Each structure stands twice: as C-alpha cells, then as structure tokens.
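Here are the chains, one letter per residue:
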Amino acid sequence: MSLRLNDLVVSHAGKVLVETGQLDFEPGKPVTIVGESGSGKSLLAHAIMGTLPHNLKAQGSLAVDDQVYDVSDQANRRRLWGRTMSLLPQEPVLALDPTMRTREQVAEGAPTFRTDKQGARRAADALLASLGLKHASAAFPHTLSGGMAQRVAFAAATIGGAPVLIADEPSKGLDQRARAELAELLRSHIKSGGILLTITHDLDLARELGGEVLVMKDAHVVEKGAAGEVLANPVHPYTRRLLAAEPSRWRHQWMRDLSEGTERADGRHGGSIESSGTLLVSGTGLGKSFGDQELFTDLSIEVRAGERVALSGPSGSGKTTLGNVLLRLLPPDTGTVQHSELLQRGRLQKLYQDPALAFPGRVPLADSLGDVVRRHGLDHARLEELMGSLRLAPELLHRRPGQISGGELQRIAIIRSMLLEPVLVFADEPTSRLDLITQEETMMCLMEQVDKLDCALVLVTHDDALAAAVTTRSIALGAPSAVIEPELELAAQ
Amino acid sequence: MVSLTTKPMTQATTQPGSSAGRTLHPALGTTARVLGRRAFQAAGVVVLVSTACFAMVQSLPGDIAFRIAAGRYGYDQVTAASADSVRAELGLDQPAWLQFLDWLGGLVSLNLGNSLVTGASVAGELGLNLASSLQLAAVALILALMVGTTAGALAAARPGGILDRLTTVWVSVTRALPPFLLGLVLILLFAVHLGVLPAAGHGEAKNIVLPAATLAVGLSGLFARVTRDTMAQIRQSDYVRFADTKGLGSWLVFVRHVIRNTGVTLIAYVGVQVLVLIEGVVVVESLFAWPGLGHALVHAIFWRDIPMIQAAALALALLVVAMNTLVDLATAAVDPRPRHKEAVL
Amino acid sequence: MTNAVAMQELLPASAGDSKRPKWLANRSATQLVSAGLLAVLVIFAVAGPLIWPGHAVQDLSRFLEAPGAGEPLGRDHLGRSVIARLAHATQLSLVMSVLCVSAALLFGSLAGIAAAWRGGWIDSVLHGLSEVFIALPALLVVLVVSAIANGDLWTLCLGLALAQWVEYFRMVRARSGLVLAGPAVEAAGLFQLGPVHVIRRHLLPELRPLLTTMATFGVGSSILALSTLGFVGIGVRPPTPELGLMITEAFPFYHEAPWMALAPVLVLTTILIGLLGLRSKESPA
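Chains as they are written, first to last, in the working numbering: chain A, 1 to 493; chain B, 1001 to 1345; chain C, 2001 to 2285.
No lab work stands behind these hints: they were computed from the structure. Please read these numbers as outputs of a predicted model, since none were measured by experiment. Any given hint could be a false lead.
Stated by the list, open to error - Not the full set, but computed from the structure, chain B residues with beta-carbon under 8 Å of chain C:
{"id": "1", "residue": "L1048"}
{"id": "2", "residue": "V1049"}
{"id": "3", "residue": "G1124"}
{"id": "4", "residue": "S1172"}
{"id": "5", "residue": "P1178"}
{"id": "6", "residue": "I1278"}
{"id": "7", "residue": "V1282"}
{"id": "8", "residue": "S1286"}
{"id": "9", "residue": "I1301"}
{"id": "10", "residue": "I1309"}
{"id": "11", "residue": "L1316"}
{"id": "12", "residue": "A1317"}
{"id": "13", "residue": "V1320"}
{"id": "14", "residue": "V1321"}
Unchecked claim - Over the 10 Å line for every Cβ pair with chain A, so calculated as not near, a few chain B residues:
{"id": "15", "residue": "T1030"}
{"id": "16", "residue": "V1057"}
{"id": "17", "residue": "A1191"}
Cβ atoms here follow ideal geometry from the backbone N, Cα and C, with glycine treated the same way.
Just chain A, same shape as in the assembly (with noise of 0.2 Å):
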C-alpha cells in the first residue's frame, strides 16, 4: 500500500490556498500536517480525498498504489471512500446522524452492509465493544459524549478497512482526556499497517502521534521532518514563531516569577495560600447540580486582591458554573457568596469564551463602547489609549461583532472591561477559540492590563499549561459526579 500526491495545487478565483511538491505516506509512519486556520492544511486533507468544496479548483495527482488519480475529477475518488479511504471529520457530533443508532451508523459503514446487514450489525458492535462502547451502540448520539462520539466516529470511519485514514482536526473541542484517547486510537491504526495523515493545529496531538510532521503557512509547507526534531528544534521562522507561542514556552514581564509562589509544589494548590491581599470574594460550602448530575458540593474558595486564581478541569466539570456562582450571576444550590465592596460600580468584569457573543450583535462596537463610557461618566481618551496599547485600529470600533476576527474582538472586550479599572477580572475560557499566536498576543494583552492595574484574575481553562503559565494557583474541578480530587477538600477546609 502506497499513497503519493504530485504537485497539488488548490484555488479560489485565482488565488492559491493549497501548493505543495510531492507528498509520500507509507503504512506504519504517521503524517501530521499542523498549522493555523487559513494555512490551508484541511483543504489538503479534502483535495485528497475528494470533497474539496464545489467551488474551488484543484489540480495535481493522486497514486494509490499503481492507480494514478487526476485530482481535478473528485469523483473519480468515490468509489475509494470507506474501502480505501476513509475520513474522520471534526466534531464527530455534528458527523453523527442524530435520529439514528450509533449501531447502524457504524454498520452501514461495513463492505458486508449491503448484502449482510446483521453480519454487518455484528461487527459493529464487535468493534464499538473492543473500543470501550458496548453499551452506547444502541444509543442516539445526542447522549453521547465528545469523546465517545469520537470514538464511534472512528469505528465508522475504520469498520470498512480502508488503509489510507484521514483525520481532520480531531481533537476539536476534546479536552485531555478525550484527546490521549484519540492519540491512542489514530497510533493503533498506525500499528495495524495503516496509513494516517492528521491535520490538526494541536501541537501536543502531533507530538504524541510521532512519525512526520509538515508545518503549514500561507497554502506551503514550509517545514518537514521528524516530528521530534521539527518540534523541539525548528528551522523555519514561522515553526519558530509557533512553537514560542505554546503557553508552556513563554516568557512575559508580567509572568511572576514561579520561585516566589512558595508553596506551589504541582502547578496545583490549595486554597489556604497565606495572601495579604483584602478578601475579594468568599464563597462557604457552595454546592451546584444540574439536574441528577451534581457538579460540586461543599466547596470553599477565597479570591483576594491581586491575585491569580485558575479554575480547570475537563469538559463538563462546571468550571463555567461555578465561575458564575462566584459572580452571583447564577445563585447556589447551597452556600453564600460573599463579595467585597470593592467590587461595587462595575469593578467586578467578565470575559467571554465567545467574545462575539458578549457584545450587542447589530450595533457597531463604538456604540456598545459609547454607552459604557457615557454611563460611568469616562474620558473619551481612556477608550483611545487602550486602542492604542492593545494595538488595535481605532476604525475596528465601526464594525460590528461578527465583522471582526475572534483575536481582536476579544482584545477589544478586554478594552471594555478594563475601562472601569476592575479589581477583578473572571475570564471564561478567553482563548480557547484562538489559534495558538493568537492567543499568545490576546493573553499578552490581557496580563498587561492585569499587571498595570494589579487587579485579581480568575482564569477559567481546561488547558493546564495555560494556567501554569498565566496563574499562580490552580482550582481543579473533578469530572462530572467524580469523587472529588483532594485538592478541593483542601480548598473546602
């Protein structure tokens, strides 16, 4: 088995998006192609298989074995699709057919399913058993799990034995846990002689996945080599550029220094820290459930003046929730939460995962902003200068929302928050949509502003090399109905 794409080169209207010379994948070695959205790097992975959108050209070949393919046809693929080929899209729910059985949706998959449909049951639930899914082959998909609608998407994408496995941005949206999983998943195919080519703009899925690594910017490759080597030692500026903006590689002004935090032994710790900053926020014996399903209970925690707080955990852990109890945007099911009146006259400021969401969708930014400064009374100025200082032009506030890349509206719901020079910022997950530079110079803006102004941040992630680097105290949060980690009764103390 032997895949070989000469020369492919994808376009819309005349610009390129995809160039690259020849690419070989071989059975048993691993190609991963990482990059940030707009490289062109999925669109790799669909002129490849066959469903490039109907509106973009795209030339070149494509040798599976001795049969050479004229990319330019996608219909000359199909017949490779499940057999030969296979894909594991992204967001495996939304690839799930929602009104049917993850049992069918994995047999249908199966070369017997025309002709042997309860053969071809069988083995579905053969192999969603050998991936640790036994009970869910009779469950619709909207029960499941990220992580195990990913799992279920892998054992349709495989169940008919095609060799050559493409996976696009797999681990969207999964968090570590669901991710080692998938890493596990994608190596095996790799061990049963399979050819793997992942596209994703996950550093660490790359790094555990191994084999090649092709690093792409602006439609090119523009560096490949052992995974290993390329990424620990990078020689193409932009692999630089992207490796320096891995939160566990950075260096800032406003990072404090890791040997003053004394007590901080794991990167984790408890709540007991000796602080000399005033009491911002004190939340006794908080408890929360949704439903059946309890996110935490009898759960202490203390925000002072100037400190760095991070909550993490998994998915679903009610890192979200809890950051809102702690608000007094949503009420407790048990517990009081007490804040300091500092926090008064808007001094207390949120940050958005979404920032396009936070802010009035039909107006111009500058009228969202307008009524912020006209309500407290500010200094048109002050908008100006922190234009200035996050290096924004000031012509994006006649945008709207959904007009502006996520990078800057997030930096310009940064502006707003600090307008009132909070005291306390509660940032939800404010990266997590951005790619990695991006969110390198979203943080830098951010932790610039928290260090001028010494105010608190409390920092909702899942992503513990975030929190290491931005933080100096981390609150984990269990999964879901999970006993809860020590930790936490240490903070409930």
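Starting from the structure of chain A, add chains B and C where the hints point.
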C-alpha cells in the same frame, strides 16, 4: 413564518451508565408533556370559544328567548308567553354571570343545544359536517404532501437547476393566489369552460376533486419549499458528508440519512400547516358548498345561529389541537432528541 | 468536515463595497420592482377616492356599462362606478390591514418583552393565553369576533388584531428570552448599563428585522383575510366597497363584464405579490 428556538439543554453526561438509562425516560416524558400541553390547549380553546359565543348571545339585538322560541315552534307560533317560558326554562332572566356558568355547564355535559334555525340537535348535524371536513382535509393534505415533497426533492437534487427554478415560481404563484381566487379560477376552467368537473355538490367521487385540488395547490407550494430547503441543507450537513465518505453510495445515503432527517422536519412542518389547512377548509367549503364544518360555520354566522356557531367553531379548533397532537407524537417517535425546541408560529 | 469556517477566513469579503446608497445597496431587483408596484397601489388608494369620489352613486340606467373615457373600468350591475369603488376598496384594505397589524404588533411585542423580561406569573399567564390562541385559526377568530358585533369595521379590525398578536408575542418572547439570557446582556449588567441600553442596543436591533418581515406578511394576510370574509359574505357589509365583496358581486356577470371581476382580482394579487416580493431573499441585483 416559523422559527425554532432552542432552550439550553442540561449538559450531556459523560457517565456511560447514566446515558444508557437516559434514552428511555425522555421518550415517556415527552409523550406526557405533549399530551399535557395539548390538553391545556384544548381546554383553553373550549373556554375561549364558548365565552365568545356567550358574549354573542348577550350582545344579540332582539330577544334571544324570542328567537329560541321561534326556532322551536316556528315564527308564526311564537307568543310572548312561549318566549317567557323559554326565558324561565333557560334561566335567561338570571344575572349574566349565572347564565355564563349555566352556559359552560351545558358544554361540560356535552349538551351543545339545538340549532336556532332548524331546531335540530346541533350534535347530530355536526357529525356529518365533521366527516365531510375530515374527508376533504385528508385528501387535500395527502395530495399536497405527494406533489410538494416530490417537487421539493427534485428541486433539491440540483439547487439552481431548471426544476429548482420551476418550483420557486410555483411556490410564489401559490402564495400570491389566495384559496378563494384559486377556487374561482378552477371553477371557471374546469366547470364552466371545460365542463368536465362539477363546481359544487357532494356525494360523488368527482365532487371532491376541485375543492381538494384548490386546497392542495396552496399547501403543496409550502411543502415543496420546505422540502427543498431542508433537503438542500441536510445534503450539506456533516453527517451526510460523513456517510458519503464511509463508502455508503449515494442512494443508500439518500435513503438512510437524507430522507429520514427531512422527514423529521417535514412532520413538524405539517403541524405548522394545520392552521393554514383549516383556514383553507373554511374558505373552500363555502366556495364549493361542501357540507363541512366551515360551511356550517359560515352559514351559522350568517343566520346568527349561536349554538351552531359555537359547535362548529369548537369542532374546528379542536380539530387543530387533535392534528397537532398527532404531529407531536409522530415527531417524538421519529426524532430521539429531547424536545427542547418550541415552534413559534 | 465542513470547510465553511475555513473558507470564510480564506476568502475576502465580496459584499459591502457597493457604491450604491445604503438603502439601495442590499436590495434585489425583485424587491425594487415590488416596492414600485406597492407605491403605485398606495398612490391609487390615496388619490383614487379624491379623483373618483362617488363610489355609492347608483344609476341603474348605466347597468354594466363598458369601460370608457370617464369610467376606465365601466359601471357595475347597480350602475356604480367600478373605478371609484375599487379605489375606495383598496384604501379600505390598506388602512384596515395596517391598523390591525400595528395593533397586533404593538400589543404582541410589548407583551412578549414583558413576559421575557419579568418572567413569573406575567409570563405564565401570557404564555398560557398564547398557547390557546395559536391553536385557533386566524380566520376562525375573525369570524367569531365579527359575529359578536355584526361585522362593524372596527370589530373586524379587532378580530384580525386578536388573531395575529400571538405570532408577534411568541416570536418576541422567544427571541427576547434568548437575548436577555445571553452573555451580552449579562455583560451589560456587569457594566450597570440599565434597561434603556438593553432595549436600545440589544433587544430592538435584534427584533426589528424580524418584526419588519412579520409585519409585511401580516399586512398581506390581513388583506387576504378581509377579502376572504367579504367573499364569503360575512365581512364588510355590502354597500361599502371591499375587494373580496366586489369579486363576489362581479362573479355572476363574469361573461358580460369580465373587467368588473378582473379589476379587484388584479389589485388583490398585485398587493400580495408586491408584499411577498418585498421580502424575497434573492441575492442583490
């Protein structure tokens, strides 16, 4: 106009054990919730319609007792004495609120009263009307679904193609042509000019052709539109593309995923169209003198036959509730997702 | 699997750099033609009754007179001027439908915002009421209400408004509920921006386009309902000219005087086509 709003759902659990258990409960819960909501609607409709009819009695010019007496004994037999006895018998000399309670009481005991015009029992006449209306509505709905979904599916196969454009024109024409005009056109064409079909009447099979066609044409445009848009959207969906790359073949993908999911939307849409259908029934029955509920209602209003107005209006409104209940239950059966969507009409 | 997001990032925005004035920039050809048709009809409805005032004057000697110089549409079976009646009927339809829709929109929206904002018993009562009203076909509501009051103009109007408020209420309540529960309003709360800001920047901009669309269709369906009632003989009372009524009255004379029936049909369909076209989502010309 339809818009669907999604209420926040409780977070999906990651605990495998509970997820298997969860698939059962929502189904039962959904059925109970659907029936509860519709029962409330039915009760509300009854109260509202009968209150309106009571208000009608109170505001009627002339003496209602006199009219009832006339209805019973014939106009030439009515005397002041017989009107008085009717008044006393029906409690019309009591204060209004007591009369209203009586009025509702009569309804609860399923006594719909007698027609003020014919004197016959309203319930008896209503049975026949209901049967003819149901017949007309069913034929029209089936016809519209067959024509509309086929046209929509063909149009969706090639968005922007000739069939798609024809469907768009068809949809626009049916939306700009109100049912009574369409009915007139059909009468002129088939009954007056060509003379192949009867314009009015009831009893023979060919009598239903024109009224049902009038109703079906308007509905079919709407169904074609929804089928086309839904199918085009589903063909672009992630799960259909994934099914493609599983190597299923386009026919199997169409049968197993596209049709199935279009059906879910379409069934829900039938619920939305029930109101349009019932309004159409009222108009078309009057136009073609089809002896159904709508025809009876319009006649009753013309003659101020209040018991008949009440009964016919109630029957039509409850028909809407009943059809919507069926649609809800069908949707719950084909779509396993918890029902957090609420159709806004 | 979808490249939609990636594609959006890749491709430069093509819209928004049109040189045309703002109010024209996003209009399609269909919308412009529709607006033109409607404008002609509105002018007819406003100026027509002034030019041809005597819509009630009968002259049986001019029974079914054919169209001529002074009477572009001839005279009807009672010798009344068809164009004068048509102009009055058009005016009546437009005024009544706009009145009904305004009343329904105003009440429905206010109730919807109140229910979404205050919640509690206000929401329960209004939502319960709306649950009942959506089960009632609009025509049924109008029929029953007009039956109570013998087909006066204002009861017809009330009936139509009563039949339509629920659409606005449910849309506004659902949308406002989403907006008010959303992060943007939460953030506005953290900035202590108050209800005026929420209504002006969050609710109104979100609701306005939907309300405009619904009102456009609402005017169409009100005109349709009025003419349907007139057509079946339980709407506007006979001497008053009304489109549906005119169609019924003219139908028996279809062979002798087809213009008499066709004129109101033409006006009615033009209004409906115009209103539909105004909302067509075709790409800009």
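Hint-by-hint comparison with the structure:
Taking 8 Å as the C-beta contact cut-off toward chain C, the hint placing L1048 (chain B) at the interface holds, the least distance being around 6 Å. A hinted interface residue such as V1049 (chain B) counts as satisfied when its beta carbon comes closer than 8 Å to some beta carbon of chain C; here the least separation is about 7 Å, so the hint holds. Restraint check, G1124 (chain B) versus chain C: the minimum CB separation of about 22 Å is more than 8 Å; hint violated. A distance limit of 8 Å between C-beta atoms decides the matter here; for S1172 (chain B) the minimum to chain C is near 7 Å, and the interface restraint holds.
Taking 8 Å as the C-beta cut-off, the interface hint given for P1178 (chain B) holds, the closest approach to chain C being about 5 Å. For I1278 (chain B), the shortest C-beta to C-beta distance to chain C is roughly 5 Å, which falls under 8 Å, so the interface hint holds. A least Cβ separation of about 6 Å between V1282 (chain B) and chain C falls short of the 8 Å threshold, and the interface hint therefore holds. Because the beta carbon of S1286 (chain B) sits about 4 Å from the nearest beta carbon in chain C, less than 8 Å, this interface hint is met.
Satisfaction of the interface hint for I1301 (chain B) is found here, the shortest Cβ-Cβ separation to chain C being roughly 5 Å, below the 8 Å cut-off. For I1309 (chain B), the interface hint holds, the least distance from its beta-carbon to any beta-carbon of chain C being 6 Å, beneath 8 Å. Taking 8 Å as the C-beta cut-off, the interface hint given for L1316 (chain B) holds, the closest approach to chain C being about 6 Å. Interface restraint check for A1317 (chain B): the shortest CB-CB distance to chain C comes to about 5 Å, inside 8 Å, so the restraint holds.
A cut of 8 Å between beta carbons decides the hint on V1320 (chain B): the least distance to chain C is about 5 Å, and the hint holds. Proximity of V1321 (chain B) to chain C holds as hinted, the smallest CB-CB distance being about 5 Å (cut-off 8 Å). The claim that T1030 (chain B) is not at the interface with chain A holds, since no C-beta of that chain comes within 10 Å of its own (minimum 13 Å). Every CB of chain A lies more than 10 Å from the CB of V1057 (chain B), the least distance being 50 Å, so the non-interface label holds.
The Cβ of A1191 (chain B) lies farther than 10 Å from every Cβ of chain A, with a closest approach of about 45 Å, so its non-interface assignment holds.
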